[in-house]
Amino acid sequence: MRLTELRIAGFGGQGVIMCASVIGRAASIVENGYATMTQNFGPEARGGACSAQLVLSPTPVLYPYVVQPDLMVLMSQEAYVKFAGDIKPGGTLIVERDLVRVQELNVPDVKVFAIPATRIAEDLGRKMVQNIVMTGFFGAISGLLERESLCKAVEDSVPPAFAELNRKAFNAGYEYGMKHLETGALELGEEDPVSVSE
Amino acid sequence: MHADPVGVLTGAHFLDGDHAACEGAIAAGARFSAGYPITPSTEVVERFSHRAPKIGATFIQMEDELAASIAILGAVWGGVKAFTVTSGPGFSLMMEHIGYAAMTETPCVFIDVQRGGPSTGLPTLPAQADMMQVKWGSHGDYEIIALCPNSPQECFDLTIKAFNFSEQYRVPVFVMMDEVVGHMTEKVVIPRAEEIEVEPRRWTTQDKSSFQLFAPCGEEQTPEMAKAGDGYQVHVTGLTHDERGYPNMTPAVQDRMVRRLVSKIRDNAEKICLTEQHDIEGADVVVVSYGITSRVAQRAVETARAEGLKVGSLRLITAWPFPEHIIRAIAPKVKGIVVAELNLGQMVREVERCAGGQCRIAHVGHAGGTVHKPEQILKAIQEVAR
Amino acid sequence: MSSPIVSITAPANPVEDFLRTDRMPHIWCPGCGIGTTVNCFTRALLESNTDLNKLSIVSGIGCTGRVAGYTNLDSFHTTHGRAIPFATGLKLASPDMTVVVYSGDGDLFAIGGNHLIHAARRNIDLKVICVNNLTYAMTGGQTGPATPLDVITATAPYGTYDPAFNLPYLVEAAGAVFVARWTTFHVKQLARSMAEMFKKKGFCFIEVVSPCPTLYQRRNKMGDGLDTMKFYKEMSKTKHGAPTNEVGLTKSGEIIVGKFVDRERPDFATMMNAHLQHELGDQYIQAEGPVCG
Amino acid sequence: MARGSVSIVVERCKACGFCVEFCPSKVLALSSAFNSKGYHPPHAVTPEKCSGCDLCGMYCPDFAIHGFRTDKPAAKSETEKEPDDAC
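Residue numbers (our numbering), protein chains in the order written: chain A, 1 to 198; chain B, 1 to 386; chain C, 1 to 293; chain D, 1 to 87.
Hint data in this document are derived by calculation from the structure and do not stem from the laboratory. C-beta: ideal position from N, C-alpha, C; glycine also. One or more hints might be untrue.
Stated by the list, open to error - Cross-link-like lysine-lysine pairs, in silico, PhoX-like; alpha carbons within 25 Å at most: (1) D:Lys26 with C:Lys233; (2) D:Lys26 with C:Lys188; (3) C:Lys230 with D:Lys26; (4) C:Lys233 with D:Lys49.
Said to hold, decoys possible - Beta-carbon label-pair distances, calculated as ranges: (5) A:Asn32 with B:Glu281: 51 to 57 Å; (6) B:Glu195 with C:His278: 33 to 39 Å; (7) A:Glu187 with B:Arg192: 53 to 59 Å; (8) C:Asp51 with B:Ser209: 46 to 52 Å; (9) C:Pro25 with D:Val45: 32 to 38 Å; (10) C:Glu16 with B:Glu324: 49 to 55 Å; (11) B:Val6 with A:Glu187: 57 to 63 Å; (12) B:Glu195 with C:Leu46: 48 to 54 Å; (13) C:Ile285 with A:Pro89: 54 to 60 Å.
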């Protein structure tokens with residue numbers, strides 16, 4: 001694990017905080033590193049937008065906030081517009097393919113990876129596990145944490161009755177990520193394969 | 001004694017500070033809480049309301065903070081350990097009962113998750129601006145104990161400590177969190193119950209006819225407790241009272257009683273003052289901070305040391321009683337002390353008072369809403385070290 | 001002086017056992033009715049065989065607030081207006097305790113009004129005795145929430161013009177299960193009413209109209225304590241079950257007394273325990289009073 | 001023959017007169033003597049009429065007087081009414 005600043009954002013109901021919490025749990029409890037999660041509690045974060053910040057580190061985290069994220073998981077267009085430009089040069093953007101239209105950023109060398117997490121979750125029968133699909137995808141793309149650590153954190157975060165479904169969701173996202181890594185990151189501004197349904 | 005395992009969620013958890021503080025309270029033996037919702041503290045009692053019915057505890061949501069802050073005192077005299085939770089505006093309403101708890105020597109814990117003020121201020125954003133209010137907010141002379149956690153783990157650990165101090169000294173104890181610490185989520189390790197030291201209430205076994213509810217015992221100058229229903233016919237009043245608890249409004253009794261309320265804490269201050277000190281020996285500059293600011297300050301200290309500056313750090317875990325003896329020892333040996341806090345000048349006054357002009361004091365104030373940038377603190381270190 | 005008859009075999013005044021006699025004489029003025037209500041209170045405790053080790057008395061601030069200090073019971077003299085929330089905490093932490101709140105009209109209905117209505121709404125098992133002397137007496141006779149219209153007070157030198165609370169009406173509306181009113185003239189009825197209240201579960205309320213000769217009556221040229229007692233005797237009318245909206249007090253009009261409300265409604269703890277038991281089943285662990293270790 | 005008697009703690013009395021006024025048998029009157037606070041405590045002017053009903057004790061706001069029976073408690077006769085029934 002290396003010092004990494006993450007932001008995960010989307011709209012309420014997508015399980016943004018849960019996604020961040022699973023990653024933090026995997027890093028700090030399963031892998032015994034350090035993770036500090038904060039959330040945007042300001043009124044500006046209401047009305048749909050929802051965002052969590054996560055600092056992962058091999059040593060204790062001192063400054064609790066994210067200054068310039070190394071990696072962002074953006075699950076809505078609003079979140080993309082609001083946060084994408086804050087990414088660190090050379091950083092990684094992970095987006096929900098059907099909900100985010102990636103646009104040109106004034107930041108060099110940003111890598112973009114997209115996954116239709118909602119659609120995959122729907123195919124699994126429960127739209128609500130989209131955040132866990134996204135967590136799996138994050139795991140594969142970022143390579144920050146062990147696959148097993150994340151999967152264990154997912155299982156520890158959900159009621160036992162839903163463990164199987166969430167494991168499936170996680171694996172689906174992870175597999176999609178591994179395939180995506182083979183084909184490489186998207187170019188910014190690239191229209192295809194991102195399709196925004198309007 | 002050890003914690004009751006019924007309430008102890010042994011293991012590693014990924015918890016925010018509010019939830020961790022609730023677990024600390026439960027581990028410490030709290031079995032009653034009365035609350036009134038207020039951001040950013042509400043999660044503490046939300047969790048308690050969820051946990052209470054499964055551990056033989058009671059939660060009641062009261063009609064306001066005045067009610068919450070005295071319902072817990074009623075519960076304490078009914079024989080349980082109790083606490084309430086609030087933030088700035090609610091804390092202002094509770095001031096009356098801080099005085100009442102101090103005057104009646106009622107062991108209890110208040111958790112204040114500080115947000116920006118004055119007034120409604122910044123409900124969802126941090127500050128450390130209740131630090132003087134917690135000490136001086138109620139009228140009259142009294143002493144309290146206030147602890148400042150800087151992580152969810154400490155929200156757990158120090159809430160237990162707060163309950164222990166409250167029983168040891170029969171005094172209200174305050175866990176002075178801030179919004180960042182309250183809402184940040186980190187790993188919290190909850191030990192096994194037998195590894196958690198819990199201070200039991202010091203129930204009296206003295207004779208019913210001669211027991212005095214307010215007669216000091218031991219070097220802690222703290223009276224033993226009896227509860228309603230024990231047959232002691234206790235009388236508890238906020239009026240100036242003698243050792244039996246009877247109102248006695250004379251200058252002599254006032255002097256005797258109030259002096260003891262103050263001295264039981266002041267005389268034991270060195271035992272109560274918890275600090276974390278790094279590299280103070282030989283330092284040119286010492287950075288004093290507490291709560292979330294201590295983490296930000298530590299980053300500044302590390303940068304300064306990397307630049308070759310001789311910088312030490314003093315973290316106030318106990319803010320009240322103020323660790324006067326430590327500041328008095330540091331002041332003559334350093335060029336200056338940098339005090340960083342999320343307010344425009346509160347604990348720095350204590351530092352100035354104790355330093356007594358023997359070194360430079362630089363205050364890095366902040367009106368709240370977010371934490372300092374480490375560079376702000378670094379700049380002050382560099383200036384003082386020059 | 002002419003010798004009062006003192007029988008050598010005189011049994012002790014039954015009130016003595018309930019008093020902190022080392023604090024007598026008390027601070028109440030000549031002709032004040034608070035002491036009279038204490039007599040009734042102690043007779044009611046005797047009559048109802050209440051376990052005195054399982055009874056606590058909680059007062060707020062004011063003349064009536066001093067009752068807690070004079071009674072040789074577990075007694076709590078709290079802050080102004082907050083006797084009810086203190087008592088709420090005490091009762092919930094100590095469920096087998098009978099908790100009596102003994103305070104005045106200003107304490108309970110002005111500064112403490114919010115607590116009172118919420119405790120009544122929740123039906124917390126508290127026995128509230130409100131000595132209503134129609135004014136803030138301890139502070140010198142200012143207008144209170146129960147001061148009738150057209151009354152001279154220290155802060156209404158030209159007379160009051162803001163309507164008073166009708167205490168039984170308010171308390172009934174808020175949810176109390178037992179509501180009665182007497183005056184300090186009605187000592188036997190008051191004692192009986194209190195004894196009845198001790199046996200009733202839930203939020204119970206007794207208003208006792210009482211003289212404040214030093215401030216209220218004197219300022220309004222209504223004579224002394226004894227004159228006020230005679231006034232109560234003359235103007236009171238017992239109407240059990242009277243609709244509480246018809247029992248509001250005026251400066252010199254009729255005083256309707258009696259038991260107005262006596263109804264059944266599960267109290268807070270009963271509701272809480274039943275509900276949590278239903279929702280959580282075996283997982284529910286009911287709080288069983290003092291635990292402190 | 002008196003069936004009861006009263007006991008008075010003169011120093012507690014503040015001479016409100018409640019006991020005198022509401023004694024159903026009119027046993028009491030305020031005395032002309034002072035206690036140490038300058039009040040005139042009551043005394044029994046017709047002690048033979050005292051029934052020991054303790055209504056004085058119920059009324060006394062200063063816990064200064066109470067009544068008690070001196071005879072063996074007998075079954076209540078029909079003429080013996082509870083004093084409060086009058087009010």
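Tested hints:
1. D:Lys26 with C:Lys233: Holds: D:Lys26 and C:Lys233 sit about 17 Å apart, inside 25 Å.
2. D:Lys26 with C:Lys188: Holds, at roughly 18 Å.
3. C:Lys230 with D:Lys26: 16 Å, holds
4. C:Lys233 with D:Lys49: 23 Å, holds
5. A:Asn32 with B:Glu281: 51 to 57 Å: Violated - the Cβ-Cβ distance for A:Asn32 and B:Glu281, about 32 Å, lies outside 51 to 57 Å.
6. B:Glu195 with C:His278: 33 to 39 Å: 36 Å, holds
7. A:Glu187 with B:Arg192: 53 to 59 Å: Since A:Glu187 and B:Arg192 have Cβ atoms about 54 Å apart, the given range 53 to 59 Å holds.
8. C:Asp51 with B:Ser209: 46 to 52 Å: At 20 Å between Cβs, range violated.
9. C:Pro25 with D:Val45: 32 to 38 Å: 25 Å, violated
10. C:Glu16 with B:Glu324: 49 to 55 Å: 52 Å, holds
11. B:Val6 with A:Glu187: 57 to 63 Å: Once the Cβ atoms are compared, 58 Å apart, the range 57 to 63 Å for A:Glu187 and B:Val6 holds.
12. B:Glu195 with C:Leu46: 48 to 54 Å: Holds, at about 52 Å.
13. C:Ile285 with A:Pro89: 54 to 60 Å: 56 Å, holds
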